[in-house]
Amino acid sequence: MSAPVDLSVRVGTLSLKNPVIAASGTTGFGREMADVLDLSRLGAICSKGVTLEPRRGNLPPRVAETASGMLNAVGLQNPGLDRFLEEDLPFLLGRGTAVVVNVAGNTAEDYQELCRRLDATGCDAIELNLSCPNVKEGCMAFGSTPAGVRALVRAVRPLTRKPLWVKLTPNTGSVAETARAAEAEGADAVSLVNTLLGMAVDARTRRPVLRNNTGGLSGPAIKPVALRMVHEAFQAVGIPVVGMGGIMTGEDAAEFLLCGASAVQVGTAGLVRPSAFVSVADELADFARETGCSRIADLVGALRPW
Amino acid sequence: MSAPVDLSVRVGTLSLKNPVIAASGTTGFGREMADVLDLSRLGAICSKGVTLEPRRGNLPPRVAETASGMLNAVGLQNPGLDRFLEEDLPFLLGRGTAVVVNVAGNTAEDYQELCRRLDATGCDAIELNLSCPNVKEGCMAFGSTPAGVRALVRAVRPLTRKPLWVKLTPNTGSVAETARAAEAEGADAVSLVNTLLGMAVDARTRRPVLRNNTGGLSGPAIKPVALRMVHEAFQAVGIPVVGMGGIMTGEDAAEFLLCGASAVQVGTAGLVRPSAFVSVADELADFARETGCSRIADLVGALRPW
Amino acid sequence: MRTLERIGTVVSSGFIAPEQARLVVHAPDAAAEVRPGQFAMLDCTPLPASSDAAGGILPKDAAQRAPFLRRPISFCDADRVAGTVTFVFRTSGTGTRALSRLRAGDRLSFLGPLGHGFALPETGTLVAVGGGIGVYPLLLLLRDARAKGLGTVAACGYRSPALAFLLDDFRDVSDATCFASDTGGLDFAGHAADAFADLLSRGLPGPVSVATCGPAPMMRAVAARCASSGIPCQASLEERMACGTGICLVCACKVKAAASGEAEYKRCCTEGPVFDAQEVAWE
Amino acid sequence: MRTLERIGTVVSSGFIAPEQARLVVHAPDAAAEVRPGQFAMLDCTPLPASSDAAGGILPKDAAQRAPFLRRPISFCDADRVAGTVTFVFRTSGTGTRALSRLRAGDRLSFLGPLGHGFALPETGTLVAVGGGIGVYPLLLLLRDARAKGLGTVAACGYRSPALAFLLDDFRDVSDATCFASDTGGLDFAGHAADAFADLLSRGLPGPVSVATCGPAPMMRAVAARCASSGIPCQASLEERMACGTGICLVCACKVKAAASGEAEYKRCCTEGPVFDAQEVAWE
Ligand SMILES: Cc1cc2nc3c(=O)[nH]c(=O)nc-3n(C[C@H](O)[C@H](O)[C@H](O)COP(=O)(O)OP(=O)(O)OC[C@H]3O[C@@H](n4cnc5c(N)ncnc54)[C@H](O)[C@@H]3O)c2cc1C
Ligand SMILES: Cc1cc2nc3c(=O)[nH]c(=O)nc-3n(C[C@H](O)[C@H](O)[C@H](O)COP(=O)(O)OP(=O)(O)OC[C@H]3O[C@@H](n4cnc5c(N)ncnc54)[C@H](O)[C@@H]3O)c2cc1C
Ligand SMILES: Cc1cc2nc3c(=O)[nH]c(=O)nc-3n(C[C@H](O)[C@H](O)[C@H](O)COP(=O)(O)O)c2cc1C
Ligand SMILES: Cc1cc2nc3c(=O)[nH]c(=O)nc-3n(C[C@H](O)[C@H](O)[C@H](O)COP(=O)(O)O)c2cc1C
Ligand code: FES
Ligand code: FES
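Chains as they are written, first to last, in our numbering: chain A, 1 to 306; chain B, 1001 to 1306; chain C, 2001 to 2283; chain D, 3001 to 3283.
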């Protein structure tokens, strides 16, 4: 219980003080969380998905509880890039933690414009959301095939020197292929998984629970799928992998690191336990100490498959 | 609580006394269950996957618990077709319920031989397992692309007049396309979902929990994904859909029927509650009664999306 | 830095009517802090006894939450002296059923008090109009209004006299009460909104202001009646929630932007649950 | 038709040593039926009080199982007169921790008795050799052996005297006992297998037969010692399980087929957990 654990990790050129990143869409733009948590204790914070124009999001209900998880269909509600740059990004940049900006669009041009303008800011990385299942256009349409990923990353790569993370969808036949496509076009990292496309039904009203009919499944329910996909992506590419999906505890985070994630994101856990955004890092340090690991980075990819 | 509910359904030309089928691999060949349950109360029983040759299955451990579900990597352990036809099928045929034989192979020729020989038996339908994630060859390799499904169904369709159900994998980019492929080649029904490919990790030993490294995820955790895919398949094809994935209760079953399933299968639920194989049908009848539905078949596809 | 998660100890639990469960929870900080109209996100996963884990559910078992999400429940009452808060809720589903199984001595994790509650007027009479389970947040409201020296009137509507609850509690904190039942048998036959209109037409010491909570059609009727009489009206809305703390955006409520009058989504959990009734875009 | 699922009522619960919990459960049918070496699949999801649901967890809440799978636990003891069975288990993970929180009066759902248990010899002395938590199923075995008029000897190994459990219980049902501890301080310093070899070498009233349960290396050593002396030996194996009833095939144990001697998989839950030690393909 004595020796301190070195929690720092690198995702490509970006150094993080610890491997726990607050996931996009489950942390707003940090303002509400700043009230109740010391954000400087996070490895990084990833913004809610930002689009060029403001978006109102989908009609409610936008959430359905499921066994060990939840479906959401927020639909990228956000104030748009202008207001984000004016009000939200400056706030995030002052929190003493790395800032990853998650961006989404309908067209390749949208993504280009977003990357061009974010390149001029102080953010630490850009995460291309090619995997939101809750909007009609763009997004997952790009992310679900290797060709779509390739085209999109090729379009934006020349426009920014920021580390470019490509967030992949699990709703695909082979995440190894979409990861390779991202790598081939110069992505600095892939992050996965976004939510699994799912549905909840109210048998009494004979209606989908979500007004959007379908939504994205997150939480512990998806952890086995996420771990498998992170491991597949890790084996498929040489660039770093950022892993997520159902992390509730430090030991969960360790599992993702072992499967090859250089860092992890925590999303849904923080909705039910606000302290999860930092306690996962604390528990990870405890876990490292208990298992005689002095550098958390040593866990990355250390899984020994049978 | 008075009016009797008509629980009978049809899957194409096959009539079932109720829509609840015991799922493949979670009911053995019926022998153990016959001791503790009246199998004649099931709509049908689907056999464990049968291969031409006997198979020993994978090394243990073959199971890992996950949040609201489990991973299995049995690896199609079965006594092979000869012994199945000699010992198991006759037993199953005498149980007063319809019998679906689930078959799997490494090559198209395996499937052809299996279908040819089953055509001569008294079984009520053949379910082509194109979706087992736990064996190295065949199976999911065929099922994960429309072309694979097309080739396989084309190869076996001429060899049997039995109703041919094609069991689809959820580990694919588009289940609508694989379902259409099955339909185009003359399948009588599609059944879905098989298990989601997943992994569990023991962070302390730094090993996958399963000796097979990966396994198939089943149970309530996958229900949202399964419901969505059943609904997608139902919208994509004209042949009947048999739905499954995480059904624990009669109301869960109703949700699948509403999404378009003509019948449902119950798997993992029966492992933790042996009575689930029949109680789901009882609860479904209760649900119908409570909601003023006198014919369960009226629920099929009655979902009203927003 | 605010503390969001609190672990209270159940002081008593039981049913006050069929399917209506009450939990009294010792949680002095929350009792001191809560304003009427605020709510808490209750954790329905049973917590191990305190000997097992100090801070709540064991980290190792955190993935085993069932049901997974917390449930939003209004503070129905608070006793600042005893340091207790009261939740009353209909046992409609898995989560509320699990909560109703808590017994004295059990621990309960909740986030809160959360949300933007009712604003108390400076003077005059506060009329609280509630329907069904919508009456619950109004009890603490009337208690605090009376403590502030306001006149207090309660108009509560129930499905039937057998399904009426908290009548004595409301009598305790109100200058006047009118209990309505769809099937008759109480003070008024009909809906709470009609009872309210009736009360209004008979005159109340002004200035009158209104707070309402219940089914949307009822609140809409109350809001319309208030608008036509120029009476300020606050309405407490309900939407499905995940975080309850403003970060996930799933609890969108349609309200008219103050400036443009255009409908936009606000977060029920932080910008609400209580809104100016004239702002609400009633469906 | 056999009944698999039973709902028992917890009579008492508590810890008998650090991390070693004991549940005594009123379940007369299971107590009457159980044979030594059999096990039960215990449901770790708390059951609602009997007023809520007669048959177990409410159907509506069935998807909310946490942890999801049942846990295999041996019958450690049974009192056929009182109609109780006893489970003792190490609280190693989520499920066993949840089980250890049950209190007198709580209900427990379990499947069982399950599995192929120990066969009692017709005559002579039965030596039970257990290591760690492997000692648990041996208590009922020795009790039944003695009731049948057999000689009974217990050789139990523990990590340390502080982590030794059920010593008095084993003394109660045994003609002779030898308690071993890796760290010394009990009857014998070393492993249970060595203690067993020591006992054997000092001579026991024959014919001797052996039953063993514990870590695989220990059982392998016991089996080897028995094989070299021509003593029949039964070993109780452990494998991860889902159904416990023979239908899912996840609990494969490697054993040599009686006929061919070739290794094949048998189901630990139904063909075992007790196998002829000479059949087992020790890793
Ligand atoms: C701000 C606020 C305050 C509330 N205060 C009270 C109160 O004091 N007393 C009371 O009886 N009820 C109150 N409700 C409603 C209460 O939250 C729901 O009845 C409860 O969440 C249902 O949970 P369940 O487990 O019984 O149902 P389930 O059907 O198992 O719930 C499944 C999911 O749907 C959500 N959900 C279901 N119904 C509702 C609903 N009507 N409103 C919001 N979410 C819902 C649940 O929170 C959960 O996420 C309040 C709701 C809100 C938004
Ligand atoms: C036939 C049989 C009889 C047993 N009898 C006893 C007994 O009397 N006393 C006792 O202390 N233990 C006994 N065990 C071991 C006991 O089943 C495990 O310790 C227990 O399942 C661990 O559950 P958990 O929730 O604590 O651990 P978790 O780590 O939460 O369990 C996760 C999953 O792995 C399985 N698992 C983990 N460890 C084991 C293990 N060693 N064996 C089998 N499955 C495991 C669990 O059942 C569960 O499915 C027995 C095992 C078997 C197969
Ligand atoms: C309410 C909610 C909103 C989300 N919004 C976004 C988003 O805007 N952009 C994005 O890339 N991912 C979004 N996600 C996905 C998460 O970032 C994460 O990939 C996913 O939830 C899996 O991780 P978890 O199980 O830890 O939540 C959202 C998830 C939730 C639950
Ligand atoms: C232990 C186990 C073994 C299985 N074996 C087979 C199999 O042999 N063939 C097959 O098509 N599906 C098999 N399945 C998949 C189930 O039939 C079913 O598709 C899946 O488990 C989803 O349903 P559920 O959540 O109700 O279990 C197996 C599932 C489990 C849990
Ligand atoms: S419930 Fe998360 S923002 Fe309101
Ligand atoms: S645990 Fe299912 S067959 Fe043994």
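Some clues are possibly wrong.
Pulled a few chain B residues facing chain C out of the computed Cβ check, cut under 10 Å [unchecked claim]:
(1) Thr1066
(2) Ala1067
(3) Ser1068
Negatives, chain D to chain B, calculated, CB over 10 Å [what the hints assert, rightly or not]:
(4) Thr3009
(5) Arg3035
(6) Pro3059
(7) Pro3067
(8) Arg3097
(9) Ala3197
(10) Gly3206
(11) Ala3227
(12) Ser3229
Everything labelled a hint here was simulated from the structure, so no lab data went into it.
Computed from a predicted structure; not experimentally measured.
Note that the Cβ used here is the ideal one computed from N, Cα and C, for glycine as well.
Okay, the hints, checked on the actual structure:
1. Thr1066: holds (9 Å)
2. Ala1067: holds (5 Å)
3. Ser1068: Constraint on Ser1068 of chain B satisfied, holds at 7 Å.
4. Thr3009: holds (19 Å)
5. Arg3035: Fine: 17 Å to the nearest Cβ keeps Arg3035 of chain D off the interface.
6. Pro3059: Pro3059 of chain D not clear of chain B: closest Cβ-Cβ about 5 Å, inside 10 Å.
7. Pro3067: At roughly 6 Å from the nearest Cβ of chain B, Pro3067 of chain D sits no farther out than 10 Å, so the non-interface label is violated.
8. Arg3097: holds (14 Å)
9. Ala3197: Holds, since 29 Å exceeds 10 Å.
10. Gly3206: Its Cβ never comes within 10 Å of chain B, the nearest being 37 Å, so this holds.
11. Ala3227: holds (24 Å)
12. Ser3229: Nearest chain B Cβ is 30 Å from Ser3229 of chain D, so the label holds.
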